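Undergrad: Start counting at 1 in the sequence shown, then tack on 128, and there's your number in our numbering.
One thing to keep in mind: the hints can contain errors.
The following label-pair restraints were derived from C-beta to C-beta distances [claimed, not checked]:
#1 Asp172 / Ala133: 22 to 32 Å
#2 Asp244 / Asp172: 18 to 28 Å
#3 Leu158 / Ser236: 14 to 24 Å
#4 Phe243 / Phe263: 22 to 32 Å
#5 Leu266 / Phe179: 18 to 28 Å
#6 Val214 / Ala139: 24 to 34 Å
#7 Glu201 / Met164: 21 to 31 Å
#8 Ser165 / Phe231: 16 to 26 Å
#9 Ile187 / Val153: 50 to 60 Å
Please keep in mind that the hints were generated in silico from the structure rather than gathered at the bench. All figures in this text were calculated on a predicted structure; none of them were measured in a lab. Backbone N, C-alpha and C fix where the C-beta goes; we use that ideal spot for every residue, glycine too.
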Amino acid sequence: MDFNAITSAIASAYASTQEFLFSNVVGPILYQFDLMSWAEDVFDGIDWFLFGCIQIFLIIVLLRTWERLASAEKQERFAKSSRADVIYTLFHRVMFIALSGFFLEIASMLHDFRFDRLNVESWWPGVSSIPAVSFFNLLGATRFC
Numbered sequence: 129m130d131f132n133a134i135t136s137a138i139a140s141a142y143a144s145t146q147e148f149l150f151s152n153v154v155g156p157i158l159y160q161f162d163l164m165s166w167a168e169d170v171f172d173g174i175d176w177f178l179f180g181c182i183q184i185f186l187i188i189v190l191l192r193t194w195e196r197l198a199s200a201e202k203q204e205r206f207a208k209s210s211r212a213d214v215i216y217t218l219f220h221r222v223m224f225i226a227l228s229g230f231f232l233e234i235a236s237m238l239h240d241f242r243f244d245r246l247n248v249e250s251w252w253p254g255v256s257s258i259p260a261v262s263f264f265n266l267l268g269a270t271r272f273c
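Work out the full structure, taking the sequences as your base and the hints as a guide.
TA: Written as structure tokens, this is what we have:
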């Protein structure tokens with residue numbers, strides 16, 4: 129079984145779905161309302177939307193199946209706490225899509241003023257670029273946040 133062929137087929141199907149949604153659904157709406165200047169941002173937004181749909185699908189299929197087979201505690205079929213999780217996940221995804229352009233704009237403006245992104249690999253050059261060291265640095269940094 130060739131793993132590269134499988135990943136290539138999945139990537140091709142994903143890209144085709146993104147192109148189909150843009151050219152047949154979203155693109156005509158942008159054209160109708162004279163918003164074609166937003167086409168590139170909306171195309172990227174469709175990518176985030178599809179990725180979010182895949183995440184939600186995997187959560188529903190894999191985690192709910194796992195929970196049914198080996199649950200830690202008995203739950204009703206769709207408990208209020210589960211509904212809250214679903215609503216939070218959808219809200220988080222929508223807000224991420226809505227605000228990602230805003231934060232990208234802020235990052236762009238900060239870059240213009242020579243502010244670089246703070247990343248774990250720059251904390252201790254040469255050493256913190258090792259994946260295990262970077263992981264423990266990040267783990268330690270999140271404990272203080």
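Undergrad: Next step is simple, just say for each hint if it's right about the structure.
TA: Taking the hints in turn, this is what the structure says about them:
1. Asp172 / Ala133: 22 to 32 Å: Check passed, 27 Å falls within 22 to 32 Å.
2. Asp244 / Asp172: 18 to 28 Å: With a Cβ separation near 23 Å, Asp244 and Asp172 satisfy 18 to 28 Å, so the hint holds.
3. Leu158 / Ser236: 14 to 24 Å: holds, 23 Å
4. Phe243 / Phe263: 22 to 32 Å: Since the Cβ atoms of Phe243 and Phe263 sit about 25 Å apart, the hinted range of 22 to 32 Å holds.
5. Leu266 / Phe179: 18 to 28 Å: Since the Cβ atoms of Leu266 and Phe179 sit about 22 Å apart, the hinted range of 18 to 28 Å holds.
6. Val214 / Ala139: 24 to 34 Å: holds, 28 Å
7. Glu201 / Met164: 21 to 31 Å: violated, 52 Å
8. Ser165 / Phe231: 16 to 26 Å: Holds: the Cβ-Cβ distance is about 20 Å, inside 16 to 26 Å.
9. Ile187 / Val153: 50 to 60 Å: violated, 24 Å
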